[in-house]
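Participant: Going down the list, the protein sequences come from chains U and W.
For the first sequence, the numbering used here gives the first residue as 25, with consecutive numbering after it.
For the second sequence, the numbering used here gives the first residue as 7, with consecutive numbering after it.
None of these hints come from the bench; they were simulated from the model.
Given the structure is predicted, the values throughout are model-derived calculations rather than measurements.
Take the hints with a grain of salt, since some may be wrong.
[Said to hold, decoys possible] If you anchor each label on the Cβ, the simulated ranges turn out as follows:
#1 Gly143(U) / Asp177(W): 32 to 38 Å
#2 Pro174(U) / Lys189(W): 32 to 38 Å
#3 Pro174(U) / Val187(W): 33 to 39 Å
Note that the Cβ used here is the ideal one computed from N, Cα and C, for glycine as well.
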Amino acid sequence: MPTVATSAPAGKPERTRIIACGAIARETIAVLAQSGMSHVDLTCLPAKLHLYPEKIPGEIEREILEARAEGIERIFVGYADCGTGGLLDAVCEKYGVERIAGPHCYSFFLGNAEFEALGDATMTSFFLTDFLARQFDAFVTRPLGLDRHPELRDAYFGNYEKLVFLAQTDDDELDARARAAADFLGLAYERVRTSYGDLTAAIGALK
Amino acid sequence: MVPLVLALCESAGKPVGVKRFCVSGILNGRDGGRKDLGTMSDEEEIILSELNDEELVLQMHDDLYDGLKEEIEEGTNILLERGWTPYDVLTKALVEGMRIVGIDFRDGILFVPEVLLAANAMKAGMAILRPLLVETGAPKLGSMVIGTVKGDIHDIGKNLVGMMMEGAGFDVIDLGINTDVDKYLAALEEHKPDILGMSALLTTTMPYMKVVIDTLIAQGKRDDYIVLVGGAPLNEEFGKAVGADAYCRDAAVAVETAKNLIARKHNQLGARATTA
Chain U
25 MPTVATSAPA
35 GKPERTRIIA
45 CGAIARETIA
55 VLAQSGMSHV
65 DLTCLPAKLH
75 LYPEKIPGEI
85 EREILEARAE
95 GIERIFVGYA
105 DCGTGGLLDA
115 VCEKYGVERI
125 AGPHCYSFFL
135 GNAEFEALGD
145 ATMTSFFLTD
155 FLARQFDAFV
165 TRPLGLDRHP
175 ELRDAYFGNY
185 EKLVFLAQTD
195 DDELDARARA
205 AADFLGLAYE
215 RVRTSYGDLT
225 AAIGALK
Chain W
7 MVPLVLALCE
17 SAGKPVGVKR
27 FCVSGILNGR
37 DGGRKDLGTM
47 SDEEEIILSE
57 LNDEELVLQM
67 HDDLYDGLKE
77 EIEEGTNILL
87 ERGWTPYDVL
97 TKALVEGMRI
107 VGIDFRDGIL
117 FVPEVLLAAN
127 AMKAGMAILR
137 PLLVETGAPK
147 LGSMVIGTVK
157 GDIHDIGKNL
167 VGMMMEGAGF
177 DVIDLGINTD
187 VDKYLAALEE
197 HKPDILGMSA
207 LLTTTMPYMK
217 VVIDTLIAQG
227 KRDDYIVLVG
237 GAPLNEEFGK
247 AVGADAYCRD
257 AAVAVETAKN
267 LIARKHNQLG
277 ARATTA
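Pulled out of the complex, with its shape left as it was, chain W reads as follows (with noise of 0.2 Å):
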């Protein structure tokens, strides 16, 4: 409905980085050698099956910063045949990648499109891992539903966070764009998950946020589950005004965020138990 610029960052003139560059240049190079990025002017042809673990996982990094889709289902399907765990991949490969992608973002140096190119490449990789990760088992730190607010369908944001809280091991309810009061009150209590979460791309979207919430207090759930906010145009005093436990400016602080919650709500029931 509204620009979608309106929340997107600049990202013309941005050096592209080479699509493949000389491992020992990762090896090397600080900062995992995404320096060498825009200047390193020989290519080199790697084969990903030739290098040993430690310099797959650091070439899956720069893949997945480079959102090369086709090297990353390459890399774990290597790793998966040198038996490393489902989780091991997951986490040291892709969910690490992703994190380093997510520094950057923050940082100014890669925009929304080259995260979202970074995403698509994940994504590929976690299509690989899912079914491994049901079967195999990894450890699992709570359940999350998600959703855009009603009047938006803006989901780039929400669906970063999902990957994102799926890879730090949530079982992430994604109720997709449009998302309205009852559909969100209907999935709380199916699925009565840890977190709720709202996104929204728009000023004029975000204050349904308050809605929904307002509507968990009138029926005295609100302490049920704890609430993450957060979309281009919120801040933390917006966060704050809806009554929301945190607003989380990206996917990153989002995971972090959670996991801080989850822990200090295990703290508190476990302390109300030993009181009790």
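Bound-form chain U, shown alone (with noise of 0.2 Å):
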């Protein structure tokens, strides 16, 4: 896996690695670079993993045994429950390490209070974040094969209400794609402007 920005000098604080997913590289990138912390080092998985969320328990064990075998002891996991229905939780509790707080991104991007807070109101959205409308063919038109078969669109989303784009930037591109998605999947559309949400703070407190 790719990992960048490793340095961490002498008398520094603790050299410290974020396990994250690929679906929110470029926001943690983001963020490190706000905050300026150049101990903290990123390793991403393949935002695909999300399409097994079995598998990301074990992706993620193998990699902060690769990053203890590195010397790296402080470790953050990028990610929130993400569908594993609390195994992620269990791994990073064997290993004594963090994970962002929430159940997904959606939720931690928005803030996870925030999030909370809506209960039952957010059922009938679907969500995009900037990757998703980045990524929006790769994610969820191919996956589900609506590509080959457009008229299976109503049996994924016939009771979804609208999409909902949590926008972590300003960006007008992808506020077309976002768009254009809603539309091909027949929803409404909204855009809320989230920012990086929790995942600030996050990272702010490996400071």
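Take the two lone chains, each set in its own frame, and fit them into one complex as the hints suggest.
Facilitator: Next up, the structure:
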């Protein structure tokens, strides 16, 4: 896996590794850059792991062991529960590492407290982030077979009412892409500018 | 609310079956000729009505596999015109065809989009058969109330289970999506089914199954029903933890489990009756 920005001069805070989902790589790098933390490096797992959430805990464990073998003790997992149903937490607990709080990135980008307060109101919303707006075809259209069988759209999305684009940045092109995705899925469109939400504080705590 | 893709398998790159292929390929090929799907290059137009019964049923299995709705409707009507009972058409052509689809789904050969297309084709055949089955009668195995739990709107798996249970001879009462405990309990009271089925796609909604089961326990009604649970993020351990009778990993397993548990229940009742 690609690892970036590895430099921790002596006397600085303890060398730290973030093992994150590829779907939040840009955002994690942006937050790291804002906070100027040079003792933290980042390793990302492929975002496609989300297609097989049951594989996430094992892959994270492998990365933790790799980091420890490199002598890095302080590790932060850049995943929420992400459909693992507590199994990722079991791995984190086993190795004494923390992860980003929350059930998924939609929640921590919006802010976990705010997302939770919305309760069942989010049930009929299909969420996109900057990453998913950019990768809509690779992560939604094609895996669901909608490129080959557009007639299946309502079987998947018939119970949804709107597509909510949780925008981490102001980017007209992504806005247009997300709007086009909503049209394609036959859903109303809403854009919410979230910035990096709880990710900023979670990474900031690694100072 | 959360990514659909979370629960679905990757399907890109899978060879897509040709629309029609020579029936001799089906009859000669192993595995019902399904391995030939991607490689047959010269398609031959098949007239379904010209096939004998055996060939037609095999062709319908392949048409179901390819999700060809109109062909399934046509095949269903042809078999009925030839004097087949609706029950035989249902079990030998449609249910058997979906059984094959289910096996290849489990083995990772087919993916959710293909299963959905096959299910749509089967649904079209069942729409023809349903009124006829009511008229002619068919063996009934029991009844089931099924619904997706509160907070969850995902119904693909639940719909598949409902359809396969109906095909297997169960009366299915479908409560739809976002079903709260009161709605489940009211339906159980009204329909007195043998089985309660609950489905969830999200790790955030699946714990609600325990709310429903705990309420049944509190009201002393838990043992009145066989409780089956299913959904992509669930597993055996979760099923046990919430107090279900079984976790079912897919629709085919749900049907088999339902049949086994119903048989066991009848045996227990029979044993109790003889020892009483």
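Participant: Cβ-Cβ distance between Pro174(U) and Val187(W): within 33 to 39 Å?
Facilitator: 37 Å, holds
Participant: In this structure, is the beta-carbon distance linking Gly143(U) and Asp177(W) contained in 32 to 38 Å?
Facilitator: 34 Å, holds
Participant: Is it true that Pro174(U) and Lys189(W) lie within 32 to 38 Å of each other by Cβ?
Facilitator: Distance hint for Pro174(U), Lys189(W) holds at roughly 33 Å.
Hint violations for this structure: none, all hints satisfied.
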